[in-house]
Amino acid sequence: MEHRTERSGESMYKHALLVVLSLMPFGVSTVVALTAWEAFEVLAPAVRLTVAVISWIIAFAGATRAFWKAVEVITPW
Amino acid sequence: MVTFADALVGVAAVTLAAFSSYSVARYQSSKFASLGISGIDVHKPDRPVTAEMGGLAVLFGLAVGSTIFLFADFPEDGSFLSFAVGASTVGLVGVVGIADDLFDIRQRYKPFMIVAATTPLMLFLLGRGSIYIPVIGSIDVRLLYPLVAVPLAVTTSANFTNMLAGFNGLEAGMAVISLGTLSFLSATTGSLTVAMLGALLAVAYLGFLFLNWYPARIFPGDTGTLTAGAAVAVIALLSKLEFVAVILSIPAAMDFTLKALRRRPFGGRKIHGDAAVEPDGTLKPAEYPTLVHAFMKVSPIKEKGLVLSILSMQALFALVAVAVTLRFM
Chain Z
1050 MEHRTERSGE SMYKHALLVV LSLMPFGVST VVALTAWEAF EVLAPAVRLT
1100 VAVISWIIAF AGATRAFWKA VEVITPW
Chain G
-11 MVTFADALVG VAAVTLAAFS SYSVARYQSS KFASLGISGI DVHKPDRPVT
39 AEMGGLAVLF GLAVGSTIFL FADFPEDGSF LSFAVGASTV GLVGVVGIAD
89 DLFDIRQRYK PFMIVAATTP LMLFLLGRGS IYIPVIGSID VRLLYPLVAV
139 PLAVTTSANF TNMLAGFNGL EAGMAVISLG TLSFLSATTG SLTVAMLGAL
189 LAVAYLGFLF LNWYPARIFP GDTGTLTAGA AVAVIALLSK LEFVAVILSI
239 PAAMDFTLKA LRRRPFGGRK IHGDAAVEPD GTLKPAEYPT LVHAFMKVSP
289 IKEKGLVLSI LSMQALFALV AVAVTLRFM
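Line order of the protein sequences matches chains Z and G.
Here the first sequence is numbered in our numbering, starting from 1050 and rising by one per residue.
Here the second sequence is numbered in our numbering, starting from -11 and rising by one per residue.
Worth flagging that the hints you see were computed from the coordinates, not collected in a lab.
Positions of the beta carbon are idealized from the N, C-alpha and C atoms, including for glycine.
Any given hint could be a false lead.
What the hints assert, rightly or not - Straight-line distance between alpha carbons at most 30 Å, and here's what the computed DSBU-like set of lysine-lysine pairs gives: (1) G/K32 - G/K247; (2) G/K258 - G/K98; (3) Z/K1118 - G/K32; (4) G/K258 - G/K272; (5) Z/K1118 - G/K19; (6) G/K247 - Z/K1063; (7) G/K258 - Z/K1063; (8) G/K292 - Z/K1118; (9) G/K258 - G/K247; (10) Z/K1063 - G/K32; (11) G/K32 - G/K292; (12) G/K272 - Z/K1118; (13) G/K292 - Z/K1063; (14) G/K258 - G/K290.
To be verified - Counterexamples of contact, computed for chain G against chain Z with all Cβ distances above 12 Å: (15) F(-8); (16) Y15; (17) G24; (18) G27; (19) I28; (20) L58; (21) S67; (22) G79; (23) I86; (24) F91; (25) D128; (26) L180; (27) K258; (28) K285.
The whole structure should be built from the sequences, with the hints applied where relevant.
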């Protein structure tokens, strides 16, 4: 019984950790997109926005891949 | 200015939308399985046959709630038109979902059918040419807004919701959180009529959720998932809260990205099958990356726990959306 309680606590901790970790792709990609927006000030607004959106998508894909790597590190059961 | 009579009409509309959705879903759950409109609940050890196409109950709830809401006194600023256009666009996407549930439309045709369903919204927003992004501000994109951003947003959101699905209470729970958040933010930013449309949809999904929660007596089907995704995009576009829809779509976007980044994009389920279920109900992930498999991989989890974890994630993003909106709008 004690073992089960301990395991369930650890389980909840790991799932809560994943929930918090899921903020990472959004955070990273938003910072990258805002940086791209600032960096390409000379471009027309629509082109500048396109560059920022493409940067956001690429950064989001990379960070989501990193999220999956983190899942593999957090111990498979 | 909202009068007491309008508030009363609003409360009646919301209550009846929830009650109608629940009642129709209850009727469907007892009849649809025998009519062959059903699916197998693959995440239970005994794999029960469960009624499908529960989204129909949500659409019915929306129709009843909208009809009652027509008795409210609309201001003469185009609010009524935005409500009608929003409701009809969501309804048309729902019709695409019904067709998909009944005739199993090929995946390649679905996006085009959803784009066609967004026509009323595209026409209504033809005069809008700018998009607001927090920190950056308003950007002039002219015709790209109604002709590209609007159909792209609705189609993407509908398909995202259709992909992160398949567990009791997941789709309806996510719809309640997303639509509830959007409705609240629409109200705080002054789009009261659009907020009411969001509230009607949120409570219709809530009524349905009572029967879709673990152990489910009915599934939403494509009618429920496509409608939920389209509704999120429609409410966001009408109330100029496009970035909120983006934030609320992050969990589904992560799931989409994990499936897309494989050597054979989106082929994981065909090759490896669904997650396996142990006799005690614990889920074992199939060998390909998805958001739900991430939770199954790190620690033992059952279906109800998994759904609660993903809904917590959705709630976290809803909080982020509220914080960003209140800070920058």
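The hints, checked one at a time:
| no. | hint | verdict |
| --- | --- | --- |
| 1 | G/K32 - G/K247 | 24 Å, holds |
| 2 | G/K258 - G/K98 | 19 Å, holds |
| 3 | Z/K1118 - G/K32 | 29 Å, holds |
| 4 | G/K258 - G/K272 | 17 Å, holds |
| 5 | Z/K1118 - G/K19 | 45 Å, violated |
| 6 | G/K247 - Z/K1063 | 22 Å, holds |
| 7 | G/K258 - Z/K1063 | 29 Å, holds |
| 8 | G/K292 - Z/K1118 | 25 Å, holds |
| 9 | G/K258 - G/K247 | 12 Å, holds |
| 10 | Z/K1063 - G/K32 | 23 Å, holds |
| 11 | G/K32 - G/K292 | 11 Å, holds |
| 12 | G/K272 - Z/K1118 | 18 Å, holds |
| 13 | G/K292 - Z/K1063 | 16 Å, holds |
| 14 | G/K258 - G/K290 | 23 Å, holds |
| 15 | F(-8) | 42 Å, holds |
| 16 | Y15 | 36 Å, holds |
| 17 | G24 | 37 Å, holds |
| 18 | G27 | 27 Å, holds |
| 19 | I28 | 26 Å, holds |
| 20 | L58 | 38 Å, holds |
| 21 | S67 | 29 Å, holds |
| 22 | G79 | 30 Å, holds |
| 23 | I86 | 32 Å, holds |
| 24 | F91 | 33 Å, holds |
| 25 | D128 | 6 Å, violated |
| 26 | L180 | 29 Å, holds |
| 27 | K258 | 20 Å, holds |
| 28 | K285 | 6 Å, violated |
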